[in-house]
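Student: Protein chains in written order, with the working numbering: chain D, 1 to 110; chain V, 1 to 120.
Treat the hints with care, as some may be off.
Said to hold, decoys possible - Calculated cross-link-like contacts (lysine to aspartate or glutamate; reagent style EDC-like; alpha-carbon spacing at most 16 Å):
# : chain 1 : residue 1 : chain 2 : residue 2
1 : V       : Lys20     : V       : Asp65
2 : D       : Lys56     : D       : Glu41
3 : V       : Lys66     : V       : Glu52
4 : D       : Lys97     : V       : Glu59
5 : V       : Lys41     : D       : Glu38
6 : D       : Lys102    : D       : Asp71
7 : V       : Lys64     : V       : Asp88
8 : V       : Lys41     : D       : Glu41
Said to hold, decoys possible - Sample of chain V residues lacking proximity to chain D, with all beta carbon distances greater than 10 Å (derived):
#  : residue
9  : Arg24
10 : Asn70
11 : Thr82
12 : Glu87
13 : Thr118
14 : Val119
Calculated directly from the structure, the hints in this document are not laboratory data.
From a predicted model like this one, the values you see are computed outputs, not experimental measurements.
In this text, a Cβ means the ideal position worked out from N, Cα and C, and glycines have one as well.
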Amino acid sequence: TQLLEQSPQFLSIQEGENLTVYCNSSSVFSSLQWYRQEPGEGPVLLVTVVTGGEVKKLKRLTFQFGDARKDSSLHITAAQPGDTGLYLCAGVGRDDKIIFGKGTRLHILP
Amino acid sequence: GAVVSQHPSWVICKSGTSVKIECRSLDFQATTMFWYRQFPKQSLMLMATSNEGSKATYEQGVEKDKFLINHASLTLSTLTVTSAHPEDSSFYICSARVGGGGVISTDTQYFGPGTRLTVL
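Hey, can you work out the whole structure from these sequences and the hints?
Tutor: The structure is reproduced here in structure tokens:
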């Protein structure tokens with residue numbers, strides 16, 4: 001069974017601080033995705049990383065895929081209250097099924 | 001492009017009744033749709049994979065006779081929760097994967113906004 005572990009599960013920090021969320025697995029994935037989900041809504045895709053070692057930037061968000069394609073990280077620079085939400089990492093595994101991590105609930109204090 | 005809608009967005013029903021949830025791809029054809037369930041403060045769990053014109057594939061532990069899935073066209077999949085019970089109360093989310101062609105990536109699933117089901 002392919003599993004994704006996210007850490008931390010909860011994070012509450014002050015506006016302007018930096019943070020990193022981690023996503024780890026013992027399995028290799030063909031690609032890894034990061035989503036953001038607001039309460040009562042479906043997840044919205046932020047990025048897909050495909051190549052081991054790949055780094056993608058989306059404004060203040062930096063996503064990295066591990067060299068072995070088993071782990072990924074999301075780094076947010078100068079966090080803002082608008083970044084508050086549930087961040088989910090997801091691995092595209094066998095049969096193209098998406099396997100979600102449990103998520104990191106991020107709260108940015110103004 | 002790549003918009004997926006769900007209807008209804010929320011539904012409240014009595015225990016023992018059946019509820020149908022629709023998932024539509026609005027601007028693309030989806031040969032494959034996926035149904036997920038999300039309990040409060042938990043992540044999305046895949047329930048089943050729905051392929052147009054064929055039977056759905058259910059994940060282990062998901063009762064196929066309770067959660068009926070129909071994917072009758074390339075833009076519509078339905079999930080019917082039969083004889084619903086309070087423990088079926090959850091947030092049900094569908095996603096659709098492009099069937100090929102066009103400019104949308106075939107590796108990407110596009111998620112609907114979810115349907116909140118409450119069974120009394």
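Student: Compare the structure with each hint and give your call.
Tutor: Right, here's what the structure says about each hint:
This hinted pair checks out: Lys20 (chain V) and Asp65 (chain V) have alpha carbons roughly 14 Å apart, not beyond 16 Å. For the given pair, Lys56 (chain D) sits about 25 Å from Glu41 (chain D) by alpha-carbon distance, which is inconsistent with the 16 Å threshold. Between Lys66 (chain V) and Glu52 (chain V), the direct Cα distance comes to roughly 20 Å. Violation of the 16 Å bound is thereby established for this hinted pair. Pair hint Lys97 (chain D) plus Glu59 (chain V) holds up; C-alpha atoms about 11 Å apart against a cutoff of 16 Å.
At most 16 Å may separate the alpha-carbon atoms for a hinted pair to count; Lys41 (chain V) and Glu38 (chain D) meet this at roughly 12 Å. Note on Lys102 (chain D) and Asp71 (chain D): the hinted pairing holds, with a Cα-Cα distance of about 14 Å set against a maximum of 16 Å. With a C-alpha separation of about 14 Å, the suggested pairing of Lys64 (chain V) with Asp88 (chain V) holds against the 16 Å cut-off. Of the supplied pair hints, the one linking Lys41 (chain V) and Glu41 (chain D) holds, its CA atoms being roughly 13 Å apart against a limit of 16 Å.
Its beta-carbon lying about 13 Å from the closest one in chain D, Arg24 (chain V) satisfies the requirement of being farther than 10 Å from that chain. Against the 10 Å criterion, Asn70 (chain V) stays outside the reach of chain D, whose nearest CB is about 20 Å from its own CB. Against chain D, the non-interface label of Thr82 (chain V) holds: every CB pair exceeds 10 Å, the least being about 24 Å. The claim that Glu87 (chain V) is not at the interface with chain D holds, since no C-beta of that chain comes within 10 Å of its own (minimum 20 Å).
Every beta carbon of chain D lies more than 10 Å from that of Thr118 (chain V), the smallest distance being close to 13 Å; the non-interface claim holds. With a cut of 10 Å on Cβ distances, Val119 (chain V) stays outside the contact zone with chain D, its closest approach being about 18 Å.
Against the hints set out earlier in the document, violations occur for numbers 2 and 3.
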